[in-house]
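Can you make the complete structure from the sequences, with help from the hints?
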Amino acid sequence: MRLPRRQPDAELRPAFEALVSKHHAQLFRAAYRLAGNLDDAEDLLQEALLEAYQDFRRFHLGTRFDRWVLRIMTHTYIDRQRKRRVDTSWSLDSPPEGIDTEYLVADGSGDPQRLIEAQRLEEPVQRALDSLSSEHRAVVVLSDIEGMSYEDIAATLHIPVGTVRSRLHRARERMRQMLAPLLRHPGLRVDGHATG
Amino acid sequence: MQPDSDQVCIKVRPQLQDFLDGRLHGGAERTVSEHLECCPLCHRELAELATLVGLVGRLRQPAPSPDYWSRLYSRLEQATSTRRPGPFTLRPVVLLPALAALALALLIAGLLPHAAPQQTAAVPLVPLQSYLSEHFYVAGSQAPNRRVFLPAGNTPPARRVYLGDDGP
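Quick mapping for you: the protein sequence lines, in order, are chains A and B. Going by my numbering, the first sequence opens with residue 1, and the numbers climb by one from there. Going by my numbering, the second sequence opens with residue 1, and the numbers climb by one from there.
Among the hints, erroneous ones may be present.
[Unchecked claim] Away from chain A, derived, C-beta distances all over 10 Å, residues of chain B: (1) Asp6; (2) Asp18; (3) Gly27; (4) Ala28; (5) Leu41; (6) Leu55; (7) Leu59; (8) Pro97; (9) Ala100; (10) Ala101; (11) Leu106.
[Stated by the list, open to error] Short, incomplete list of chain A residues facing chain B, as computed with Cβ under 10 Å: (12) Arg29; (13) Arg57; (14) Ala180.
Source of the hints: derived by calculation from the structure; they are not laboratory data. Note that the structure is a prediction, hence the values are computed from the model and not measured. Where is the CB? At the ideal position from N, CA and C, for every residue including glycine.
Right under this line is the structure:
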């Protein structure tokens, strides 16, 4: 069902705010992982939500609001990065910089949960994420943070499923190389997958 | 590790992601699974990949500034109020012709200042000849067909005007 196009925006605002309120944590998480810092994440999400609000009459009731906003947000993010020209261009030919993992030695607890929850793990993973180009980062965020399928990502980014697969493969491979010392740490165990 | 393991590794490694994401089925899935049981290198790569995906997926939930959502909702309200037409607001497609019609009506009614007839004091009609003789003097009277009227009164003639044979 499509909302009537001529319905005044003022009447749509309560419904829009209710949907934002329902999904605000997820939307901000995605914005933060895309932008890489708090200020840019707040700007990105605000821009995406204002755009979504102005286009809200086109939203199909009964479909997923969070996916709809995520689509707007990822396009906004990629457009922004292209305009800023701050993307980190990389290829498999240029090996990524490694990440210093001395911090792991300092934690002798060996408790995986504590390791995961330790904030010091946050920084290298986010840094590896930041090293990706905007297109590759968007795919990782949508797949590994938002849990979207290849097909949903393809629909969201308007790219073929094969492109989703290849981008995800290249992005994960680069992050794996960057985080190799961390991923091979004997005490690290995540979601039942052990290393070493 | 089996003798042909290297060859199998070359085929299997590109499929590890699909295997991890559950996108391999049937024979392809079985081939990768069997290889992983006997190849520690591929097994380690898969484990690292799985750990990476787990780490990314379990990044902590960030929180925006405390007043972020209230500011955002205020922006939405502003966006609404700036775009919502008021009770007397006309769309441009209606407003512009309306303004043009109003200007035309004012013009016709003589209400516009630049178009209104000047309210001047009544000037008595006088014969042209008497008006000229009152405000101008005549030079070259010997050539009446070529007479030139020079201003008189407050605008004294700066020099005499000679016309034709009237010159010195």
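A quick look at each hint next to the structure:
Interface exclusion of B/Asp6 from chain A stands, the closest Cβ pair being 19 Å apart, more than 10 Å. Its beta-carbon lying about 7 Å from the closest one in chain A, B/Asp18 breaks the requirement of being farther than 10 Å from that chain. No Cβ of chain A approaches the Cβ of B/Gly27 within 10 Å, the least distance being about 19 Å, so the stated non-interface status holds. Consistency note on B/Ala28: stated as away from chain A, and its beta-carbon is indeed over 10 Å from all of that chain's, at 14 Å minimum.
Listed as outside the interface, B/Leu41 is consistent with that label: its C-beta sits roughly 13 Å from the nearest C-beta of chain A, beyond the 10 Å cut-off. Remark: the non-interface label on B/Leu55 conflicts with the geometry, its nearest Cβ contact in chain A lying 5 Å away (cut-off 10 Å). For B/Leu59, the condition that its CB be more than 10 Å from all CB atoms of chain A is violated, with the nearest at approximately 6 Å. Distance check for B/Pro97 against chain A: the nearest CB is about 22 Å away, which clears 10 Å, and the non-interface claim stands.
A cut-off of 10 Å between C-beta atoms confirms that B/Ala100 is not in contact with chain A; the least separation is 27 Å. With 10 Å as the threshold on Cβ separation, the claim that B/Ala101 sits away from chain A holds: the shortest Cβ distance comes to roughly 26 Å. Annotated as non-interface, B/Leu106 keeps its C-beta farther than 10 Å from every C-beta of chain A; the closest such distance is 34 Å. Here the hint on A/Arg29 is kept, as its CB sits about 6 Å from the closest CB of chain B, short of 10 Å.
The criterion of a C-beta within 10 Å of any C-beta in chain B is not met by A/Arg57, whose closest approach is roughly 12 Å, and the hint is violated. At about 7 Å, the closest approach between the beta carbon of A/Ala180 and any beta carbon in chain B falls short of 10 Å, and the interface hint on this residue holds.
Consistency with the previously given hints fails for numbers 2, 6, 7, 13, ordered from lowest to highest.
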